[in-house]
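A.B. asks: One letter stands for each residue in the lines below.
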Amino acid sequence: MIDDNMNDRSEGVDLLSKELTLNMGPQHPATHGVLRLVLDLDGETVKKITPYVGYLHRGVEKLAENRNYMQILPLTDRLDYISAMSNNIGYCTAVEKTFGIELTERTEYIRTIVGEMSRIANHLLWLATHALDIGAMTVFLYCFRERESILDLFEKLCGARLTTTYTRIGGLKNDASPEWLEQVYKFTDDFPSRVEQYETLIDQNRIWLRRTKGIGYISPEDAINWGLTGPVLRGSGVNYDVRKTQPYGVYDKVKWEVQTAQNGDIYDRYRVRMEEFRQSNSIIRQCIEQIPEGPIISDAHKYVLPPKDRVLNDMESLIHHFVLITKGPLTAPKGEIYVATEVPKGELGFHIVSDGEGRPYRMRVRSPSFVHVSALPKICQGELVADVIANIGSIDIVLGECDR
Amino acid sequence: MEPIEIVARLREKFGSEILQDTQFRDQVFVSVKKDRILDICKFLHDDPDTNMDFLADLCGVDYPDNEFRFEVIYNMYSMQHHHRLIVKGMVPENDIVIDSVESIWSTADWHEREACDMFGIVFAGHPDLRRILMPEDWEGYPLRKDYPLKGRKDWEYKGFEELKDLHSHDKEWNIQA
Amino acid sequence: MSLTGIIATLPETLVIFLKTFIAVNILMLHIAYVVYFERKVIGHMQARLGPMRVGWHGLLQPIADGVKLFFKEDIIPSSADKPIFYIAPVIGVVAAISSLAVIPMWDGFSIADLNIGLLYILALSSIGSYAIILSGWASTSKYAFIGSLRSAAQVISYEIAMGMSLVGIMLLAGSASLSDIVTAQQGGVFNWFIFKQPLAFFVFVMAAIAETNRAPFDLPEAETEIVAGYFTEYSGIRFGLFFMAEYAGMFIMSAMAAVCFLGGWSGPIPGVPGIVWFLFKVYGFIFFYFWIRATLPRYRYDQLMSLGWKLFIPLALANIVITGLVKIL
Chain A
1 MIDDNMNDRS EGVDLLSKEL TLNMGPQHPA THGVLRLVLD LDGETVKKIT PYVGYLHRGV
61 EKLAENRNYM QILPLTDRLD YISAMSNNIG YCTAVEKTFG IELTERTEYI RTIVGEMSRI
121 ANHLLWLATH ALDIGAMTVF LYCFRERESI LDLFEKLCGA RLTTTYTRIG GLKNDASPEW
181 LEQVYKFTDD FPSRVEQYET LIDQNRIWLR RTKGIGYISP EDAINWGLTG PVLRGSGVNY
241 DVRKTQPYGV YDKVKWEVQT AQNGDIYDRY RVRMEEFRQS NSIIRQCIEQ IPEGPIISDA
301 HKYVLPPKDR VLNDMESLIH HFVLITKGPL TAPKGEIYVA TEVPKGELGF HIVSDGEGRP
361 YRMRVRSPSF VHVSALPKIC QGELVADVIA NIGSIDIVLG ECDR
Chain B
405 MEPIEIVARL REKFGSEILQ DTQFRDQVFV SVKKDRILDI CKFLHDDPDT NMDFLADLCG
465 VDYPDNEFRF EVIYNMYSMQ HHHRLIVKGM VPENDIVIDS VESIWSTADW HEREACDMFG
525 IVFAGHPDLR RILMPEDWEG YPLRKDYPLK GRKDWEYKGF EELKDLHSHD KEWNIQA
Chain C
582 MSLTGIIATL PETLVIFLKT FIAVNILMLH IAYVVYFERK VIGHMQARLG PMRVGWHGLL
642 QPIADGVKLF FKEDIIPSSA DKPIFYIAPV IGVVAAISSL AVIPMWDGFS IADLNIGLLY
702 ILALSSIGSY AIILSGWAST SKYAFIGSLR SAAQVISYEI AMGMSLVGIM LLAGSASLSD
762 IVTAQQGGVF NWFIFKQPLA FFVFVMAAIA ETNRAPFDLP EAETEIVAGY FTEYSGIRFG
822 LFFMAEYAGM FIMSAMAAVC FLGGWSGPIP GVPGIVWFLF KVYGFIFFYF WIRATLPRYR
882 YDQLMSLGWK LFIPLALANI VITGLVKIL
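Protein chains in written order, with the numbering used here: chain A, 1 to 404; chain B, 405 to 581; chain C, 582 to 910.
Bound-form chain A, shown alone (with noise of 0.2 Å):
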């Protein structure tokens, strides 16, 4: 009466031990988004899982043929919505590298330490969900906490708290006050304590380490082999982060190290993403004791916006302006190109192929959500139910960026 393949008798079967079908999401309150999953049970044992995703896709791709470099930009937002600024940065640093636009020094500096908030601002709402999932729901709200101090110093700087638009091709929207400066640096002086904070609710529990060691195992050739990346590959103790194999940023001048562990289960996603607190904080610290006097735009004329106050006050930058924002760059370089940056979550590429004309002829985004999902299956395997709701928080994926 449950469900009619309980009752009708296949040949071979034996009728008291039929394996129940378990159609979980895309409206569920663990698969952070729409994730669809159909898990085959047999008892709570996971025979095999078939995930359908799609439910969010928006057509991004298809849309940024059709508007211009400038335009798309909002778009990039909307994709991993948890840590908007570090898609902004991806995508601006892809169409910089197409057109070949050299930053100012201070750009650098500042895309740096609002990329690093933001993969501090993901990784505490990944602790949250992650430990909600498996229980643990005090870490929530204390991670939500901390993300808040991080929001609201988004919305100082730029106005906007999670859909940020930040960054602007060849520069940034506007500078960042040293004001701002001062407070993000306070917020860095508390945050290591904090981190301290959720490793006592969490670190040595004893039910948080059943829950997590050994469960999930993903070993480093697998981990390569299935496209894995960002904290979910490091867990399996791959040393490779985009960060320092092709860095962007400034992230060759300010000192860190790639944080992995050995064992690739759960618990070692979880630690590593610990570290990265730790990391990202010392980052942004360094960038704010080391970040120049300077100005934000690029002087790439051709692809560059022009300064607000010209803008507002020079009839040459007005049209130009006018131009680059509906038009786009009309010169832009032909070629292919793909360049990769390290998202919270893992690589984020993307692939443009420029014809010329003032918006992209393809542009791919490869994201590492929805190569973790294609993974979803094969870490799964064999696990019990509660196991899948570990595992999904583990591999921290949005759906949003997974459908695109």
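Beta-carbon label-pair distances, calculated as ranges:
#	chain 1	residue 1	chain 2	residue 2	range
1	A	ASN263	B	SER507	24 to 34 Å
2	A	ASP355	B	ARG556	27 to 37 Å
3	C	GLN767	A	ASP42	46 to 56 Å
4	B	VAL526	A	LYS308	42 to 52 Å
5	B	GLY419	A	ASP42	51 to 61 Å
6	C	PRO849	A	ASP42	49 to 59 Å
7	B	ASP558	A	ASP355	28 to 38 Å
8	B	SER572	C	ALA628	48 to 58 Å
9	C	PRO664	B	ARG556	43 to 53 Å
10	C	LYS663	B	PRO531	42 to 52 Å
FYI, nobody ran anything at the bench for these hints, they're computed from the structure. Heads up, the beta-carbon is just placed ideally off N, CA and C, and yes, glycines get one too.
Fit chains B and C to the given chain A structure using the hints.
C.D. replies: Okay, now just chains B and C, sitting in the frame of chain A:
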């Protein structure tokens, strides 16, 4: 190894398959014929000098005016040597089938499904080639350049008529027939 | 029974009705406000305020919630097994509230001082699990089904541990009547059974949490795994009844802990009424429930079972043996 050296090795081994190579900024793109794409990928993956163990991306591009309308882009990276090579498999419109590389990199599984969903490229030997982002009953391939950008006015969801018939007697649904 | 017989017993019957009225009222108020208490306590533990909007510091929140639940639409899935679907939450509430009959709240006040009070409560808490199993079955939902299966397994495992942990108490008190158990603990704090039976207390507390499906043993309703477990398909007041049964169950288990281990209505300071001590202990224990919920993650199903069978039941058995030996010697 520099990407350009890898291309030279590829030319040595698969000379007749390589169509052209281009360079933009610091990246090298090699266009190859589609017939032996699996061998080429396997070579790049297995050879210890290239060791392309990480398939960063796989996607399609549509050039309606070209001889080969579709390109399948294999974006390979080596975790050991830290070099990248982008191979393009050229697929003509009248023979829109290319071998699946899912057996080499598991990650290609979903990327190929997506390319199939968006461009209609068929990957031979793929274990489970279904639509992935679009609904199963979707018609057309959205990322092709000739796909209409606007919908028609009288367009409605598939199966809506059947649903309406099914519930025509049902007052709770309140569907105006 | 003749008419005169009935008239003769009338005063006694009236007293029982009055007592029942008092007890049920206490329980209902308790349920309403223990939810508020929980939200406040957990709120402050989690660096937030809890309910603040309805009334002063949200004091009217439980009433608003109750009104909302009463007037919400009662949605019944079309494929549900309707009679069972209707009756399941009622079983749960009845079982939970009936347990109240034998709890001695202060000296001489218990609605029915059964000489098998302990067994009665254990029996009723098992009946309560029928509510869960039936609701899960009748909902025709797979989440509810899994939730009820989990619950059945969990209740069976932990009932044994709980029953066995109480055997030591019965041995010491020489009676299964709850009033007698409290009486046996009179004469100073150190006569409380928590000091004579610490192992049994530990097992009892864990089993009580598992029995009432509270965190970290809240697998039958593990929100992030199986949505809401057995009451996934319930809405409106039927959902409210399950809620009520859960909090009544917490009250009963806390009262059991107070009566069996913490000396019931007796307290260290003379002159304070028994009911004050009793409620103080009960709410202390309920606070402990909340504290655990705010601190610990959830166990996995198989871990919960192995914990029950491999740790708690052997511990409880060992406790019986030790108690028996001490008693004989």
